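Peer 1: Residues per chain, in single letters:
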Amino acid sequence: MPRIPLTWLADHVALRDGADAESVAADLVSVGLEEEAIHGAQVTGPLVVGRVLALVKEPQKNGKTINWVRVDVGPEHNEALDSPKDPQPGDEVPSRGIICGAHNFVEGDLVVVSLPGTVLPGPFPIAARKTYGHVSDGMICSGEELGLGPDPDGEDGIIVLGRGHARGLDAQPGDDAISLLGLGEEVVEITVTPDRGYAFSMRGVAREYSHATGGAFTDPAAAITVPEASGPGVEVLLEDEAPIHGRPGCSRFVAQTVTGIDPQAPSPRWMQQRLTLAGMRPISLVVDVTNYVMLDLGQPMHAYDAAQLVAPIRVRRAHPGEKLETLDDKPRALHGEDLVIADGGGTGDRAIGIAGVMGGASTEVSAATTDVVLEAATFDQVSVARSARRHRLPSESSKRFERGVDPQLPALAVRRAAELLAEHGGGTIASERTDVGTVPARAAISLPVGAAERLVGVAYTPQQVVESLEKIGARVEGEAAAGSVLTVTPPSWRPDLRFREDLVEEIARLVGYEGIPSILPQAPGGRGLTRAQRGRRSAALALAEWGLTEVTSYPFVPEGIFDALGYPQDDERRTAVRLLNPLAEDEPLLRTALLQTLLPTAKRNLGRGQEAVAIQEIGTVSRASGAAVPIPSAAARPREDELRAIDAAMPPQRRHLAAVLGGASGPGSWWGSAEDWGWADAIEAARRVAAAVGARLEVRQDQLAPFHPGRCAQLLAEDGTLIGHAGELHPRVVKAYSLPARSGALELDLDALIASAPAVVRAEPVSTYPPAKEDFAFVVDASVPASAVEAAMVVGIGDLLESIHLFDVYTGDQVGEGRKSVAFSVRLRSETGTLTAEEIGAARTRCIEAVSAAVGGELRA
Amino acid sequence: MSETPSNPDLPVIDEPTIGAAVDAALAAIAAAGTTAALKQVRIDHVGDASVLSTANRAIKDLPKDRKAAAGKLVGQGKGRVQQALAARQAELAAAEEEAALAEETVDVTVPTDRRPRGARHPLRTLEDRIADFFVGIGWEIAEGPEIEAEWFNFDALNFDADHPARQMQDTFYVAGPDGGEDSGLVLRTHTSPVQARAMLERGAPLYIACPGTVFRTDELDATHTPVFHQVEGLAIDKGLTMANLVGTLDALAAHLFGGAPITRLRPSYFPFTEPSAEMDFRCFSCDAREGLDHDADPACRVCGGTGWIEMGGCGMVNPAVLRACGIDPEEHQGFAFGLGIERILMLRNGVKDMHDMVEGDVRFPQHYGTEI
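Chains as they are written, first to last, in the UniProt record's numbering: chain A, 1 to 861; chain B, 1 to 372.
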């Protein structure tokens, strides 16, 4: 994001007195440009200019020769006397002794000295240190050590004033070198929201700063005078035959030739410094100038080597199969939607750049380039954004174009760049200039004066409304009076201002958000939580009270999960939704069952030292729908059939509850050891969840992975809807997830369970007559489920039944092989009177007959 | 009349004899140290063979003129003995019960957690608290799918396919039916699509909060997680303004962090709101909570010394969004806002590392139980 050096900003807007990076950042935040970072001074401490008074060259054993140097660093920093044990070379005068390995200087030169206490970029703190047999009381610095980069003149060694990095500089020993070299500059890095493309320029940020502080703003674009061209320059043809969304890829193209530039001429130090501070690397005069103008004004530019360019330039969509080697030396296969700049080179129709994104290698300026063609154009936001995304090339240029660039800028930017090339490279600006295409007129927006008050709730005066809009550069027509309607034409640099509400935001932020009052709105009153929302809370709380801890897990699963859990090949739980860009390549699927992610969570807990596990999770699971979801237009409300088509193609998504239970269900203590969690607890947990949401579950024997084939319960709602499964996990799964032996688990469709609960719980009368208690033991075939015996008893006894509870199951010699005895205690009670012996006897008989008829059970003697 | 001849078979019923019997009984009662001993005393002194009982039986055979005096003498004596017996019985029984209970003393400091309680995940508890706040001010809680149609996640919210903001939200894309790119589905990057669905289904007026899980392609670190939770609010009605937005945020801030709420809006940009703002809550932890005239503690871990906590984005719903969702922007307008629930929990409860919240380690929720 853009980096704003304070001194550059100050070129265009008057900063507050004593403004520093923090205060500038705070002011920019107040108008909506958020601070991303503050880059403080690169060098701090006593970095001073020194004069080399004397030096001796001392060859070392390692073959190197070092200089032992006496340096005058000014009266404030000089030591009065040499150390008697380590005298410096030459006459003893106030100075410092410093060791230096570079050789590009002589006695009398002015150099840059970092005295002890200086902190160089790195950070690299400087202290006096003993080296090569002397105490070096500081360091003589090179450009690289100061963060200035390689020397522009190719100087090998330290900085000598008057040359290289310090060309044109003069100073006295002891002078502050931080300000001399511009190393104390503070930089504010800001975050620019997608609507504020113009804040990708010093021009735009300066204007915003002026909005925040009222400081005087000088538009750098207004200072540029573009002389009348003597005629068109290089021929440019705008030939977009496939505009995106009906908008031409290039609406304006300005080209200007500059000849006779000295290829050896470096860009000026101040420009290199500003580019560096703004986060760009100085490269060559031509490249630096185009970058500098872009950073300053916001207009991306490109320079072609005129000697390589073969007119005419065509701006067109790429041909099928067309290729281009871009400036970063990478070959790119172009897409038919890419807007390209092409010339007549090569076989006569050659792509030389992806418009607004990156230029091509074939016409790149080189160390031998003397003549250039400068390009500044207006490219369509969408076209550039798509190309940048397609080629993964988020360049400085594309960043600006996709947010919108002021269409008035191209001629100004080209002129400014040409002037800089003339000034610093001795170039000649051709009198011809190409300027094709048009600047689209801005549509005016009609704005009732009261619109801002209506939306923001602040009683803005008509004057505040008009002044705010004029401040941002809009043309405002109409009377500044309550009730009138203004006609507002936004400035060319604000393509984001298109609707009335956009203008309201400008008024609100310029007057200030802090003035908005606080009024809690009175909603008409809602219906509270839905049944499902209440049910989910009750379910989780019921299990928490029963000893289970709620956890969360990510829904991402690996492809191998289905095999790991033993799903059959045709199991529909294998039809998972797949991500195109998963975070982890080996977890590209979304879970189709909650246990797929809860089991690994159980494993993690056990791995971290838990000895038992009792965890629950409520989360969503999905299935792939096998259909693509349509995307209707968002210009108006979609038709009902379009909305239905979306819903029909959506992947089914359900909210499940799952739990894993294994190991001791509590600590052992004075009461003995706790029982282990197991299959029965898993089924009971499901029943408790059902009870918590007001539903009931029927339990049947079933087989389903990942459960133990003989210990798996199918859970059904009262209407027969399948709700889920519970039981003991398959031993292979227990092993795979390192769970305690015989761990249990459950997974149920919580949405369906809650939906199965009756809307109203009907009352049951409370009888005050005494109960009769009866016990029954039936011998049945071992394969008959207890629930079937119970169901038959319930039917047989009928209305007199108050409660029934299985209290024993027996297998063994007394009942014979393949048989079992199931014993129930039953309470009978009548609503109408005390039960007689005859009534009780009749109920017993009905019960016994019903069990006999339904499951062949015999009453055990 | 002659004196009644003395009959050796008849007991003597005179004051010395009865008085001696009563005194002996009272002495024995006082000497009894247990309820068992007292039982024997009762047999010995008021039992059938005792002096008092024998005398009592003999009264009926006395001459008429002596019956009254003898009856009074024996009756009073027996009454005193019975009273003393009852009193002593109560005394001894109480002492014996006390001793028996003392025997049964247990060490009540031993553990009692045969089945320790579980816990709810604090993120869920916080989500519920936030939902309760909105229900309390008359809003409803709306929900929607986590795997969402691109149209609802982006297009309906004024992010068209080429919108730069669409690239900023690091989106998980769903593969198409044949493994291709165009499924028209994403993992929702915010809960705003729920708002779009609610507007389409219910129209205006509408006051809803949408808590839920959202997804962005951020790697898990101390402050980021690819799967996190948001709560968004949406109010659409006639005449709602940014002042109502501020009022709602103030009330929510007070509910979450307590104290007198101070919120601040900063201009920002979101495609679905215009005007848009970032909302900051005044730090609830350091001196800054006292008001705008109090400086933040430079070392405050909650606000980082700025006095403000960034809470999320908000603004007035963009008319383009209202139109796409079938609401006439000339008639209704409203506001929307969104906050991260993880962030609130981190700030409110001092959670230092996102890993603790998302890795499923039971120790994290167990610390909270079912409250936060």
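Derived by calculation from the structure, the hints in this document are not laboratory data.
Keep in mind that a hint or two might mislead.
Claimed, not checked - Covered stretches of chain A (chain B as the covering partner; in silico rule of three or more C-beta atoms under 8 Å from a C-beta of chain B):
#1 122 to 128
#2 668 to 675
To be verified - Calculated cross-link-like contacts (lysine to aspartate or glutamate; reagent style DMTMM-like; alpha-carbon spacing at most 25 Å):
#3 Lys399/A <-> Asp162/B
#4 Lys735/A <-> Asp218/B
#5 Lys330/A <-> Asp349/A
#6 Lys603/A <-> Glu359/B
#7 Lys238/B <-> Glu35/A
#8 Lys352/B <-> Glu35/A
#9 Lys238/B <-> Asp502/A
#10 Lys603/A <-> Asp170/B
#11 Lys820/A <-> Glu774/A
#12 Lys57/A <-> Glu22/A
#13 Lys238/B <-> Glu453/A
#14 Lys399/A <-> Glu186/A
#15 Lys735/A <-> Glu219/B
#16 Lys603/A <-> Asp162/B
#17 Lys352/B <-> Glu36/A
#18 Lys399/A <-> Asp170/B
#19 Lys399/A <-> Asp218/B
#20 Lys603/A <-> Glu219/B
Bear in mind that the values here come from a model prediction, so they are computed numbers and not experimental data.
All C-beta atoms, glycine included, are put in the ideal place defined by N, C-alpha and C.
Peer 1: Hints first: check each against the structure and report whether it holds.
Peer 2: Hint by hint, here is what the structure shows:
Coverage of the region 122 to 128 of chain A by chain B is violated [criterion: at least 3 residues with CB-CB distance below 8 Å; count 0]. Taking a C-beta to C-beta cut-off of 8 Å, the region 668 to 675 of chain A contributes 4 residues in contact with chain B, enough for the three needed, and the coverage statement holds. In summary, the hint linking Lys399/A to Asp162/B is supported, as the alpha carbons are separated by about 13 Å, within the 25 Å threshold. Annotation: proposed proximity of Lys735/A to Asp218/B is violated, straight-line Cα distance about 33 Å (limit 25 Å).
A hinted pair counts as satisfied when its Cα atoms are at most 25 Å apart, and Lys330/A with Asp349/A qualifies at roughly 20 Å. For the hint linking Lys603/A to Glu359/B, the alpha-carbon distance of about 11 Å falls within 25 Å, and the restraint holds. In summary, the hint linking Lys238/B to Glu35/A is not supported, as the alpha carbons are separated by about 36 Å, beyond the 25 Å threshold. A C-alpha spacing of about 24 Å is found between Lys352/B and Glu35/A, which places the hinted pair at or below 25 Å, so the restraint holds.
Only pairs whose Cα atoms come within 25 Å are accepted, and Lys238/B paired with Asp502/A is accepted, the gap being roughly 20 Å. Between Lys603/A and Asp170/B the alpha-carbon distance is near 30 Å, which puts this suggested pair outside the 25 Å criterion. Distance hint between Lys820/A and Glu774/A is fulfilled; the C-alpha atoms sit about 20 Å from each other, no more than 25 Å. Note on Lys57/A and Glu22/A: the hinted pairing is violated, with a Cα-Cα distance of about 47 Å set against a maximum of 25 Å.
A C-alpha spacing of about 14 Å is found between Lys238/B and Glu453/A, which places the hinted pair at or below 25 Å, so the restraint holds. Proximity of Lys399/A to Glu186/A is assessed by CA-CA distance (about 24 Å); at most 25 Å being required, the pair is judged to hold. Distance check on the hinted pair: Lys735/A and Glu219/B sit about 30 Å apart at the alpha-carbon level, beyond 25 Å; violated. In summary, the hint linking Lys603/A to Asp162/B is not supported, as the alpha carbons are separated by about 44 Å, beyond the 25 Å threshold.
Simply put, Lys352/B and Glu36/A have alpha-carbon atoms about 22 Å apart, close enough for the 25 Å limit, and the pair holds. Under the criterion of a C-alpha separation no larger than 25 Å, the hint pairing Lys399/A with Asp170/B is consistent with the structure, at around 17 Å. For the given pair, Lys399/A sits about 22 Å from Asp218/B by alpha-carbon distance, which is consistent with the 25 Å threshold. Between Lys603/A and Glu219/B, the direct Cα distance comes to roughly 22 Å. Compliance with the 25 Å bound is thereby established for this hinted pair.
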